[in-house]
Structure formats: structure tokens, C-alpha cells
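Engineer: Chains as they are written, first to last, in this note's numbering: chain A, 1 to 414; chain C, 1 to 175; chain P, 1 to 120; chain Y, 1 to 102.
Careful: at least some of the hints might be erroneous.
Claimed, not checked - Restricting the straight-line Cα-Cα distance to at most 16 Å, the calculated cross-link-like pairs of lysine to aspartate or glutamate (EDC-like) are: (1) A:Lys324 with P:Glu118; (2) P:Lys59 with P:Glu118; (3) P:Lys114 with C:Asp172; (4) P:Lys59 with C:Asp172; (5) A:Lys324 with P:Asp90; (6) P:Lys35 with A:Glu87; (7) A:Lys96 with P:Asp90; (8) P:Lys40 with A:Glu87; (9) A:Lys156 with A:Glu87; (10) P:Lys40 with A:Asp88; (11) P:Lys59 with P:Asp115; (12) A:Lys345 with P:Asp90; (13) P:Lys59 with A:Asp316; (14) P:Lys35 with A:Asp95.
Simulated from the structure, these hints should not be mistaken for lab results. It should be emphasised that the depicted structure is a prediction, and the values quoted were computed from it without experimental measurement.
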Amino acid sequence: MNEVVCSINHVVKCLTDAGVTPDLANLLTIIGGVVLVATVPLITVIFLIWIERKVAARVQDRLGPNRVGPFGLLQTVADALKMLTKEDITPIGADKFIYNLAPIIAFATVILIWAVIPFTPLHIGADLSIGLLYFVAVASIGTVKIMIAGWSSNNKYALLGAFRTIAQLLSYEVPLVLSLLIPVMIAGTMSMQGLVHAQGGMWYVFMAPVAAVMFFIANLAETGRAPFDLLEAESEIIAGYNIEYSGFKWGMFMAGEFMHAFTASLLAAVIFLGGWWGPGVEQVPVLGFLYLGLKTFVVYLFSLVLRSTVPRVRIDQLMALNWKWLVPISVANVLVTAFLLQLTKALGLAPQTGDFAAALPQTIILLLGNLAIVLVVLNLVRNIGRNERMAAAATDAAVGHSEDERVAVGAPGH
Amino acid sequence: MLEFNAQTIAFIVFALFSLGGALGVVTTRNLIHATLYLILSLFGAAGFFVLLSAPFLAAVQVLVYIGAIAILIVFAVMLTRSMTRISDLYNRQWLLSAIVAGILFVVLLAGVIVPVWGVNGTQIDRPVSDVVAGTVDLGKALVDQNQYVLPFEVASLLLTAAMIGAIVIARDDQE
Amino acid sequence: MAVVHEWAFIGVFFSLAWVFPFLPILGARLLAPRKPNAIKQSTYECGVETVGDTWVQFKVQYYIYGLIFLVFDVEVVFLFPWALAYNQLDFFGFFAGLVFIFFLFDALVYAWRKDALEWV
Amino acid sequence: MIPLWMYLAVAAGIFCIGTYGVLTRRNAVAILMSVELMLNAVNINLVAFWRYIEPLNMAGQAFAAFVFVVAAAEAAVGLAIIIAVYRNRRSVIVEDVNMLKW
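Only chain A is shown next, with the shape it has when bound in the complex:
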């Protein structure tokens, strides 16, 4: 779809032959590329919402949308059209300019991430040398949109919701970034295309499963998906920071959120599942779209099933889970991986070529290290859970109750 990089020379040449100046030709091709890259998520989001509703319906033994178009495929289009005709209300006392700016930022920041996603070996918007940090930086602008949406609405609930959401986003950004250190360490590059190329021998999900899981969980929270969607739990509280928004501005927040969730799956597929790698992709690069789409869809489907099956966490559990479990595990993971990488280098096991057999010894050693981390964590969970149950049983015995249902997410320090 995005032809800009693979055939940029053809396009520029065609345009210059037709009498356009080289600078303008470059600009036009870039603009064309931008529009192409940006249209992909815009079209995808329409189907995403349909898929999401269908999956949620199947899990809950319902049918889901099935009236508009074949299998209800056009339901989202109908919803969008309806939303276009909804009255757009701006509350009194709202900071008009900022109030209108927030949904635009919300949507734009998500599209901007797509600029660095490698779709195939040849198709990528911009293969920046710091692609990984680019996406983290753009995602961190996302906190600004929530802040200004909550603040400009002149509504206590919006402001409170915004602050809680920001606290959540900030907290989960730490394990997210920490888990991204590990692919960078193994691959020695921060360019997205470079990361995918480096996974030619072995996907990073096998070399760093703990980092992959951390990345997935942190992304669930970053995108506000279940079980971390407590701040805009539509079935319990009204909404979060976007309570005052109506019509298409609200639609922009929602579409941005759906797209962000999908983008997160896409990033997980690119960084940990080998991106466009698949059989025959080196001969026919366009196949990369298919493989990447397939991997993304698997990750996305998993998050959808999680969404409709897992209960929401409480906010104190959310914070405790992040700061007392995810962050320490991520830090330990970085240290263990760093040590094992030096060890494999010293033993001469670091892969020189990018094929499966060369990467195998290092992978096994890293996998063992990850396994050790997992075992230690599971042991900790078990001990803490047992201690809490016993403490609860002791107090209950003293008080005379016998309820001992405790959640093990609580603090190990207690």
C-alpha cells in the first residue's frame, strides 16, 4: 500500500520528467506516502470496532452486530454517520480552543506512531535510527491530550478522571520502556526495520519472553484496555476525562483508543514476534503485510478475549501491580539479560549470522535466565499469598469471621 520508499525513485523520476522541480517532486511523494500510511489505520479502525464487538458478543454468547451489511460489517460506518449528525455540545466555562484541540491531538498522536512501523522489508514510512524511542515519545504526548481534555472541560469528574488516567499512564510507561531496553540490547539498534531484521534468526519473544509479557501488560494499561480500563469503565462509572465530549469529538477519542490498542498489538508483533518475517518474504516482500497482519491479529485477538473475560482491577491494585511487581521484575530482567548477553559473548555463543541455528545457543541461555525470573516471581507470589491468607485467617479467627478471600496482587512488603 505504502509505495513511497520502495518506488520513491520512480515516482520522483516520473514527476521530474513531467516538468516538476525536484524539491516539489520530493515533497509530493512524501505527502503521498504520509497520506497512504495514515489511511491504513483509518480504514483498519472501522473493521477493528466491528471485530471487537463480534468477539465480545461471541464470548458472551450473543450475536453482535449483524444487520447492517454482510455480517454487520457496515455497522461501524452507520455509527460514524450517526455520530456526524449528533449535536456537539461545549460546556459553559470550557476553555474553547484547548477543548477542541484535545480530540485532535488524541487521534493524531496515534496515527503518528504508524510512521515508523515496518510493514514489509521495503515498506516503511520512515526508518528512523531512533524509531523505538520515537514511538515511546509520541505515545508520551498522549498524556498531554488527557490532561488538556480533562482540564478544559471545566468539570470536576473530568479533571479527577484525567488525573487518575495520567497517574496510570505515567506508571505503566516505566515497565514499558524498561522492557523495550532488552530488544535494543540484543539487536544493538533502535530502528524498527533494524529490529525486525535482527529477528531473522529468532523472534525476541523466545529470547526475552518476560520482556514480551511486560510489554504486553504495560501496553494494555497504556491503551486503557481491560482489565485496566477502570478509569472509563462504561458499565460502572460514566466516563473518564472525556465525559463532557459529545458527537464526533467523543468519536475521535474512542476511535483513537481503538486504534491505539491495535497499534500496541502491531508494535508487539514488530518488536517481539518478528514483524514481517515469514516464509518467502525475502523473495516476495509484499507477503510481509500478510505475516505482520496475522501476527498482529493474534495479539489483538488475545487482548480482546482478555477484555471480555477478565474482571477490572481496583486503582490501588493497579498501582501496586505496576510499582511492586512489574517495575522490579523489569529491572531484574534488564540486569539478568545484560549479564547473560555478556556471558554468551565471552563464551563465543553470540550469533554471528542471522539464521536459526546460530541464534539457538544464546536463545537457550536467555530463555533459562527468563525461566529463573519467572520461577522466583511465582515463588514470591505463592509465599505472599500464603502469608496474606494466614494473616487474614488469624484476624478472622480473632474477630470470628471466616472469609479469607484475598487477592495476591497486594504488597509483598506487608
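Please arrange chains C, P and Y on chain A, whose structure you already have, making use of the hints.
Structural biologist: Same frame as chain A, but now just chains C, P and Y:
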């Protein structure tokens, strides 16, 4: 003297962002607006870093300044309710301060444009080389025992100390 | 030159990205009815009349979380060049990173012991 | 290519605006923001000099990175002090904070 090309346009846009944002910070009464202006200004500076082929610093600028420091400032504004209480924007020395800042600017500009204090290298038109050390070299320099490994560790210690100090100061111990 | 081209793409993307959400909002503005009245425009706080100032006092805990996040963010950002160059470093580089992360972890342990991580 | 002095001129402008803000604003948070502006101007200078004069020596980038650390530490502690003062004095106006005057 200036070719009119994409880089020049980008430079002008970023200069407008960063200078306009800076002006907004010091002239806006509403502190949330001032923070947004600060974000604009910092974004312009990030653009400069890209133009100066230091993309890593540009990403850090967005990540640290916009994603963290600006948010922290907003938290502080909300915690102190400081946007509604102040009647006067400036103190009584504002005129004097404006003159001081103006003179400082003129002096700096003169020092930058004309070699008042002798030839000082600010007059060069183009970089001495097109080859630039990348982020990998930064990483190596940061943990090289002959270069920055000590500042690197001290930076970590400084941040830890800052965090401990800030927690001690900010927490309400009466409760 | 190739590097400049990549960033030109990002630059154009940044200048165009706001158009995509802006167009439908503009379309909605043209299509949607606009009949504002006082009730409609009042702030929605579960149907109850709005009481007092919107700028309610926030807990200092938000600031503490922001603070811990800031420290971690800056340190992690320092770790990225280290991680990037990691393949070319020897054991000294590993120990430098180890000490760095040790200080980082210290900060977390302190905050933990002081119950600064609790959502009160 | 843009000459070096243009970057330096913009940085000087930001620095002077920041100076003005520090000298005149009465709100402590605004003063802190102005300090951030000044630090940022310094960073632009560092990176510009690095790019134009010593692009192969890492000093410029490394110093800019350390300035980030200092800015973060300063913001963290400075804002914490402002919050603590506000708790005691119910004010963020710097002229009201005169406990150390005598």
C-alpha cells in the same frame, strides 16, 4: 545568504515555536496555558535537535520534558491551586527586569553575530564535517572509563537523591 | 541525505496528522444541529448542580507518582544509549550499567519503604 | 545550511525571555518554568556547538544529556518545595515566602 529550502523553513517554524512558546510562558496569567506554551517551546527545541542531527536528544526532549516534567508542573499547579489566586502577574521590578533582559539579549546577540571578543567560531556557516557521532557512540562514551562513566553514575545518584528529597519534602507528615 | 529524507517524512506527517481528525470534526460541525441552551451546556456531574470550584484540591500522591515516574523516565532514557552500544561493550560496561541500575533500584526501594507507592 | 549563529541567536532569545520570567514572575511555579526555559536554551547551545564544531566528540551530547538530568532533578525538588511551602503558607507567591528574611 540563506538558501530557501526545506531545512530553512523547518528552522524558521521551530524558531517561531520555541520563541513564541517562551514568550507565552512569561506573559500568560493562566498557569495551565503557560505550561502548554512551555510544551510548545520545548517541542520547537526538539525540532532543533533533529535539525542538528541529534535525534536521540530530540526524543529525550519530548519524552522527558513534555512527557514528564510538563506533567509534573501541571500536577504542582493543581496541587497548589496557583492559577486563580494571583492578581498581579509581575512584581514591581518588571520594567527594570525587562531592561536587564533586553541588554543581556543585545550583548549575547552581539557576541554571537560579530566577533566582539575576537574570533570565536560562532561565525562558521557550516559544520566542520558531515559525519556525526551517533547514539551508539554516546552509549559507549557514557560507560567509558576515560570519558563519562563517573558523571553517568553520579547522574543516577543525583536523581535518586532528588527523588528521596522531593518525597520527604512533598509528603504531608501530619497525617 | 537519506537521514534527512526520513525526517522530512516525519515533519510532513506531523504537519498533516492533525488534518485527519480535523476533517470529520469539521464535517460534524456542518452537519450536526446546534441549538445550545443553558441546561445542555451546563457541566454534567451526574445531574446534580455543580458545587463550588472545579479546581478541587488534589492529593499529593499524584505528585509523588509523577515524581517517581520522572526519575525512572530520565534514568531509563540514559540506559537507552547504553543498551544500544551494549553489544560493543565489555564487562566494565556491564558493571557501569549495574551500578547505575542499582542506584535506580535504591530509589524504588526507598519509595517503597516510605509507603510512597501506596494509593491512599 | 543554516549558519551556527542563528541557532545561538534563538537560544539567546529563549534564555533572555527565561531570565525575564525568573526576575519578574511572582508565581513560584511560573519561575520554575522560566528556569526550565533557560536550561533548554543552554541545551540548544550545547547541541549546536557540538554539531558545528566538534561533531565527532561526544562532549556536547553527553553534556546535554546531563543537563536533562539536572533539569529533571531541579523540577522534582523545586516543585516539591513549592508544594510544601503552599501547605504551610497557603501561597505560591515568592514574596510571601520570607521566613528566611531575618
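Engineer: For the pair supplied as a hint, Lys59 (chain P) and Asp172 (chain C), confirm whether the alpha-carbon distance does not exceed 16 Å.
Structural biologist: Holds - the C-alpha atoms of Asp172 (chain C) and Lys59 (chain P) are around 10 Å apart, at most 16 Å.
Engineer: Is the Cα-Cα distance between Lys35 (chain P) and Glu87 (chain A) 16 Å or less?
Structural biologist: The hint holds at about 8 Å.
Engineer: Under the criterion that the straight-line Cα-Cα distance not exceed 16 Å, is the pair Lys35 (chain P), Asp95 (chain A) satisfied?
Structural biologist: 20 Å, violated
Engineer: Going straight from one Cα to the other, do Lys59 (chain P) and Asp316 (chain A) come out at no more than 16 Å?
Structural biologist: 14 Å, holds
Engineer: Does Asp172 (chain C) sit within 16 Å of Lys114 (chain P), going by the straight-line distance between their CA atoms?
Structural biologist: 12 Å, holds
Engineer: Lys345 (chain A) and Asp90 (chain P): Cα distance at most 16 Å?
Structural biologist: Holds, at roughly 9 Å.
Engineer: Taken at face value, is the distance from the CA of Glu118 (chain P) to the CA of Lys59 (chain P) at most 16 Å?
Structural biologist: 12 Å, holds
Engineer: For the pair supplied as a hint, Lys324 (chain A) and Asp90 (chain P), confirm whether the alpha-carbon distance does not exceed 16 Å.
Structural biologist: Status violated; Cα separation ~31 Å.
Engineer: Between the alpha carbons of Lys40 (chain P) and Glu87 (chain A), is the straight-line distance 16 Å or under?
Structural biologist: The given pair, whose Cα atoms are some 10 Å apart, holds under the 16 Å limit.
Engineer: Below or equal to 16 Å on CA atoms is what counts here, so check Lys96 (chain A) against Asp90 (chain P).
Structural biologist: 56 Å, violated
Engineer: Need the status of pair Lys156 (chain A), Glu87 (chain A): alpha-carbon distance at most 16 Å?
Structural biologist: The given pair, whose Cα atoms are some 23 Å apart, is violated under the 16 Å limit.
Engineer: Holds or violated: Lys324 (chain A) with Glu118 (chain P), Cα cutoff 16 Å?
Structural biologist: With a Cα-Cα distance of about 10 Å, the restraint between Lys324 (chain A) and Glu118 (chain P) holds, given a limit of 16 Å.
When held up to the earlier numbered hints, the structure conflicts with 5, 7, 9, 14 and fits the remainder.
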